[in-house]
Amino acid sequence: MNKKNKLIWNVSLIVALLVLLFVLEQVMPSGSMLFTVLKKGAIYALVAVSMNLLNGFTGLFSLGQAGFMLLGAYTYAILTIPPESRASVYQYYDGGIIQFAIPVPLALIAGGLIAAGFAFLIGLPVLRLKSDYLAIATLGFAEIIRAVFQWDKLGPLTNGSNLLRSFPTFQSVLYPFIVSGICIALIVMLINSTYGRAFKAIRDDEIAAEAMGINLAHHKRLAFVISSFFAGVSGGLLAMYQTTIQASMFKSAMTYEILLIVVIGGIGSVTGSCISSFLFIACSEWWLRFLDNENFYIGSFHVPLLRAGFRKVVFAVVIMAMVLFYRQGIMGTKEFSVEALQNLFRKIFLRKSVKKAGDTHES
Amino acid sequence: MDFVTRNLPYLMAGISVGGQYALIAIGYTMVYGILRLINFAHGDIFMAAGLILVYSATVMPMYIAIPLMIILTVLIGFIVERVAYKPLRSAPRMSIMISAIGVSYLLQNLALYVTGGLSQQYPAIPWISDTVTIFGSTTKRVTVITPVLTLVLVVLLVLLIKYTKIGMAMRAASRDFETSQLMGIKINSVVSMTFIIGTFLAAIGSALFFTNYTGVTPTVGAMPGLKAFVAAVFGGIGSIPGAVIGAFIIGICENIIKGVGLTTFSDAFTFALLIIILIIKPTGLFGEKEADKV
Amino acid sequence: MKKKVMALVTTVVMVGTVLTGCGGNGGAAGPAADNGAKVVKIGVYEPASGDNGAGGKQETLGMQYANSKTPTVQIGGEEYQVELEIVDNESSNDKGPSAAASLVSSKVSVVLGSYGSGVSIAASDVFKDAGIPAIGVTCTNPQVTEGNTHYFRICFLDPFQGTVLANFANENFSAKKAYILTKLGDDYSTGLGHYFKEAFTGLGGEVVEETFQEGNSDFISYITSAKNAGADVFFAPVSTEAAALIIEQSAAQGLTIPLMAGDTWDSNVILNAAKGKDVQIYVTTFYQEGGNADFDNGIKEWINADNTAKANNGGDDTVAAVTAMGYDAYYVALEALKAAGSTDPAAVNEALWKVSYNGVSGEIAFNETGDALRDVAYVKCANTQTGAWDFVAVQGVK
Chain B
0 MNKKNKLIWN VSLIVALLVL LFVLEQVMPS GSMLFTVLKK GAIYALVAVS
50 MNLLNGFTGL FSLGQAGFML LGAYTYAILT IPPESRASVY QYYDGGIIQF
100 AIPVPLALIA GGLIAAGFAF LIGLPVLRLK SDYLAIATLG FAEIIRAVFQ
150 WDKLGPLTNG SNLLRSFPTF QSVLYPFIVS GICIALIVML INSTYGRAFK
200 AIRDDEIAAE AMGINLAHHK RLAFVISSFF AGVSGGLLAM YQTTIQASMF
250 KSAMTYEILL IVVIGGIGSV TGSCISSFLF IACSEWWLRF LDNENFYIGS
300 FHVPLLRAGF RKVVFAVVIM AMVLFYRQGI MGTKEFSVEA LQNLFRKIFL
350 RKSVKKAGDT HES
Chain V
0 MDFVTRNLPY LMAGISVGGQ YALIAIGYTM VYGILRLINF AHGDIFMAAG
50 LILVYSATVM PMYIAIPLMI ILTVLIGFIV ERVAYKPLRS APRMSIMISA
100 IGVSYLLQNL ALYVTGGLSQ QYPAIPWISD TVTIFGSTTK RVTVITPVLT
150 LVLVVLLVLL IKYTKIGMAM RAASRDFETS QLMGIKINSV VSMTFIIGTF
200 LAAIGSALFF TNYTGVTPTV GAMPGLKAFV AAVFGGIGSI PGAVIGAFII
250 GICENIIKGV GLTTFSDAFT FALLIIILII KPTGLFGEKE ADKV
Chain E
0 MKKKVMALVT TVVMVGTVLT GCGGNGGAAG PAADNGAKVV KIGVYEPASG
50 DNGAGGKQET LGMQYANSKT PTVQIGGEEY QVELEIVDNE SSNDKGPSAA
100 ASLVSSKVSV VLGSYGSGVS IAASDVFKDA GIPAIGVTCT NPQVTEGNTH
150 YFRICFLDPF QGTVLANFAN ENFSAKKAYI LTKLGDDYST GLGHYFKEAF
200 TGLGGEVVEE TFQEGNSDFI SYITSAKNAG ADVFFAPVST EAAALIIEQS
250 AAQGLTIPLM AGDTWDSNVI LNAAKGKDVQ IYVTTFYQEG GNADFDNGIK
300 EWINADNTAK ANNGGDDTVA AVTAMGYDAY YVALEALKAA GSTDPAAVNE
350 ALWKVSYNGV SGEIAFNETG DALRDVAYVK CANTQTGAWD FVAVQGVK
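Chains as they are written, first to last, in numbering that gives the first Met the number 0: chain B, 0 to 362; chain V, 0 to 293; chain E, 0 to 397.
Worth flagging that the hints you see were computed from the coordinates, not collected in a lab.
Beta carbons: idealized from backbone N, C-alpha and C, even for Gly.
Some hints here could point you the wrong way.
Stated by the list, open to error - Below, a list of computed lysine to aspartate or glutamate pairs in the EDC-like style, where the Cα atoms sit at most 16 Å apart:
#1 E:Lys274 to E:Asp315
#2 E:Lys353 to E:Glu367
#3 B:Lys152 to E:Glu208
#4 E:Lys276 to V:Asp129
Said to hold, decoys possible - Per label pair, the in silico range of CB-to-CB distance:
#5 B:Val26 to E:Asp374: 48 to 58 Å
#6 V:Ile70 to E:Glu362: 56 to 66 Å
#7 E:Asn227 to V:Ile70: 41 to 51 Å
In isolation and in its complexed conformation, chain B is listed as follows:
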């Protein structure tokens, strides 16, 4: 398959997906959990890919994702709350100090830029640290950012530790898909560019990469800032999805969740991160919910052990099993593509026909 064909295939697949979503939205009742999962899944896919850019492609173990999402979410919310609702949102701070609102796409980009700006500043000192130390330092920064945003003195800007609300939210399930799609496409283009190859070289061997003339500090900072930009955008999207945001949501537990998504999808696979984020969200929010129901019957058999919280235990056990026995994740470092799918079908089909031939032979 040549390059042009591949492009056509990929584009048509994406268009087909969007059309499918559009049709689903028209025919299905709007309250369905499906849409909740799809929206949140799309957002988490973006943040997982952005984390993968750092952890999987550049080999920088950063745990600051929640902090950058917080920056993006707050920037988005602060800039888009309509002036007429500000008095009620910032009720303890006389309506806050910002009295204008900007369009949603601009606010999302602003969220990304603020996150990227902070990442640049944080990166100056911490990117010199190695592996675990970098991880714990970025985790620490995320916690510091969270505390600063809850500070009473910043209340006129951040509403203290209280909820921000009344900002524009999703009108259609397509919105997060399109925004995430564009962002992920940009990340993929970056990965396939010279910069991406430099990132991978740094991941595989820093010393060799440096010997080849790659500027380590520059490239690491670049990866860190870009990853944070997209984490910021996804934070803005998350705010749109949640309809209200608050600094206390962005705990380190959130970063761990995203890290688990990346690992389950396969460290170093963009499509893996996407697939696993939808699976992860669907399992945690939707498919396993029946496990919390005490009165669950199969026929007339009363299933024991079920009560509130059981779904999370099952989910955690599944994740542990994945981490222990399926270390490469769903995709490993491979990518999902039409070509791979074709090959796969061909192989399965071939094997079956061979088997069939064998069967007839025996009989």
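Put chains V and E on the given structure of chain B with help from the hints.
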């Protein structure tokens, strides 16, 4: 005198909580020293120790419940290492760290399921939860006991590491994991022993901590765990006296920060301290200079 | 190769489930009420875990008891079986909306809850977009009902409660200085703290404010600060989880000034923590046990007969005010369903404006913002000998 009575409670609370962090931090620092693993589940094992005592104290007298709690906690630590970390010993370091996050997630969710999500009241351990008065300020006896007990345990531990065979094996393993294997050290038993000592101290730390702060919730271990880890890094990871001193510094600073009214930043301060030390002296206060293993 | 197959299988399964699993929660309900009656679903959006888990469970108990007493309702001349659809919002503003979405997807006609104002505000838009009305039971922050037409509430509001508490502190303890401790990121806590401060400074008092982070369990420094500030009352409108720690530690630290709080502290968690300790605790609340003997006896009997219910109530049969409120909320919902004559959420929403109901906690009718018209609060004091609440006063705002 007035100044003392006004400010002594902050200092005492700081020293006491510092001692409790120290007992947890030792577990982190020893495990990191040997396996280079941030054992994120350590804080949750600490929480599990609390829950075990909550439940066992309802059915048996305290003098049985406490040893049982310690034994069960050590058992959990041992099992966690065998099931979740040992199979990954040859895997990249990131997978084993993620496995630790997975264990932490599992322990928290199990606790959520068992407790039904409600805070459990920690039973009062006789004698140490009595109220005493020191220089005119009232507090629980545990506040005074914690630093003393911590220091005694640390001295014992240092002696163990310095003068016993297993201690020597631990030191060898933390210096060079592979070579120590070649020298005939049974690495699995060394690692297990490390986890056993770490969880044993965490179990004692949990009894002291929850006697002071009597609510046990599924996520109660997360913050003390993280802070203890920060203490371990601060003191120089791999160094036991470093971890203890780091823990006391963090415990005291945290309470001073609260005392001067910057309560919003009491947790953030810990991390700020961590970042500053990492930038100025990346190996911590007492850390040995680590050669890059290529 | 094997991995590719695995990857393919997971993808196919995922897509397949997404496409086929659209019909809601895949038959998770128990054996259906198969007596021919139609079913109307009432959503219960309450925390069963997290900081507010204890209170949320008690509130849910009231609804369950009411449901066991009155399991059917006449809507438009037909008898409907009432089914409670209970979800756990985990006391968390980020888990709340998806719990709410699962209620929407199971097609409830009206939602009850939540305990805790933050989660109610967080899920408000989800219910609004789905056109489902919600009846707040004990979420006292004004922002819950403000600026919308689908959120109602049957309890009093924080500006009222804060004023009552400030007046009480001023009159009974002649307090000149109050120490206010609130939790960061908890809208109930910061809100009530704010209104208390407004009212208290309005009376000429002085306040010292401090906050604590979620997950904090060390309150010794806060208690020392309160002592050092020379405060006359310690006001801590926080969740029961933190409250138990504060009580325990202030007893150990020998804090002699009264502890005051709002409705969250009216719980047996507080009583258990305070029992046998040298502390004074005053709270404002919606209902005083003994207010309605029929209800008290009925629910005690029901709780004692059911081990799960008893465990959810904290292991004894003390009637929490939130339980009474949950009980009333259920009947308000039934009244609305009857008045609407349909299970359509929009019709129920319309009908709710005109509902008036005389519940165990008093008369309930809604004003133009959807708030119940309440003008009294009960003040109670914890009896540390018996481990029960002593009635102190009925207090209004002059």
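Please write out, lowest number first, the hints stated earlier that are contradicted by the structure.
-> Result: no hint breaks.
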